[in-house]
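Trainee: Quick note, the sequences are listed as chains W and L, same order. In terms of our numbering, the first sequence has 13 at position 13, counting the first letter as 1, and numbering is strictly consecutive. In terms of our numbering, the second sequence has 56 at position 56, counting the first letter as 1, and numbering is strictly consecutive.
I should point out that these hints are in silico values taken from the structure, not numbers from a laboratory.
List time: in silico DSS-like cross-link candidates among lysine-lysine, alpha-carbon distance up to 27 Å: (1) W:K110 to W:K59; (2) L:K38 to L:K17; (3) W:K98 to L:K44; (4) W:K59 to W:K69; (5) W:K98 to L:K52; (6) W:K69 to W:K58; (7) W:K42 to W:K110; (8) W:K98 to W:K59; (9) W:K69 to L:K44; (10) W:K59 to W:K78; (11) W:K42 to L:K38; (12) W:K58 to W:K110; (13) W:K78 to W:K110; (14) L:K44 to W:K57; (15) W:K98 to L:K38; (16) W:K42 to L:K44; (17) W:K69 to W:K98; (18) W:K57 to W:K42.
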Amino acid sequence: ILNVEQSPQSLHVQEGDSTNFTCSFPSSNFYALHWYRWETAKSPEALFVMTLNGDEKKKGRISATLNTKEGYSYLYIKGSQPEDSATYLCARNTGGFKTIFGAGTRLFVKA
Amino acid sequence: DAMVIQNPRYQVTQFGKPVTLSCSQTLNHNVMYWYQQKSSQAPKLLFHYYDKDFNNEADTPDNFQSRRPNTSFCFLDIRSPGLGDAAMYLCATSRDGDSYEQYFGPGTRLTVT
Chain W
1 ILNVEQSPQS
11 LHVQEGDSTN
21 FTCSFPSSNF
31 YALHWYRWET
41 AKSPEALFVM
51 TLNGDEKKKG
61 RISATLNTKE
71 GYSYLYIKGS
81 QPEDSATYLC
91 ARNTGGFKTI
101 FGAGTRLFVK
111 A
Chain L
1 DAMVIQNPRY
11 QVTQFGKPVT
21 LSCSQTLNHN
31 VMYWYQQKSS
41 QAPKLLFHYY
51 DKDFNNEADT
61 PDNFQSRRPN
71 TSFCFLDIRS
81 PGLGDAAMYL
91 CATSRDGDSY
101 EQYFGPGTRL
111 TVT
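Just chain L, with the same shape it has in the complex (with noise of 0.2 Å):
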């Protein structure tokens, strides 16, 4: 049964038309985290939650924006998507930080046209 669930797996978009993609756990975690891979590249922290507490990576753009209004669901909304956004964009939730694992959604694949 899938634990962390991204949708769309893929989504295409316009050259800043806002685009939302979402994230569900049955995990009951309280930590959700958003991060942005581009091709080849290391997963890069965007932001996350814990609980209802949003933290922002100091890099993170300003473009990119979440939200989470329950413990089982997260937003992570671009609002003016550039061709540079376009990547792989996971969602991940874990118990705590530390040493806790992750667990992660199988990505949504972003293409800004």
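Looking at chain W on its own, in the form it has when it is part of the complex (with noise of 0.2 Å):
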């Protein structure tokens, strides 16, 4: 894998699944794995950062994984709500201020 990719491009949902996308990334010169959601006229907002091999992160309904070895990062969202609906991104620093993003992952959760 040459750059961040993101898995699958769009998912729809109904309120109440449960979820995950997938963030596939270069494993090599490896420093941190960021997540962001950006609801549609909004701002892109952090979500997590994670940096050790085997981090997981949490927030309220929403958490991450990191395997740096394998070069991939899970974000699960528990029983989904509508306020959920976001396209959530994922960016990969390799130390310094370069930080790759992939393309996204568009979440519509439908009531």
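Two independent chains are provided; combine them into the complex using the hints.
Mentor: Structure below.
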């Protein structure tokens, strides 16, 4: 993997469903992995930053895990709500100021 | 309270007509970034400032310039916009690089006619 790849590109779920998405990245020269949530017409906002292999972070119903050896991170949303509808971006930092973003997973939660 | 402000939110310019996008921050962060995001693609870093030090990405076209007159403000100048420059332009700030999270503005959507 040369770039940061996210899957799926989009996801439609029903309110109450739990869901997860994947972020894949080159495992070499890893420093940090960021997750951002971007709601339509708003600013992207940081959800998590993880730096260590095996890191797990949680914020309310949203959690994330990190595997730096194999180069992936999962984002989980438990009991999706309509307000969770957004684009979820992951981004890899190799140290310094360059952060490479994925194209995002667009989540639609239907009430 | 908005911490990273971008003006305008929508900008229409003509092919070849210079345009400036602005960004301001109330966070007093050292680093300011400009990203370009084309439809359904990943945001792409154009350049960043660490304080007054300007750092251009190798693949950023010469058509794109930036100015940071003080800590709070940063401008993106597109000298001769082409149709391919139509995109969402995101400004972000962070205290430092590495694992520091970035704080984003809402973006400016640029249309080139």
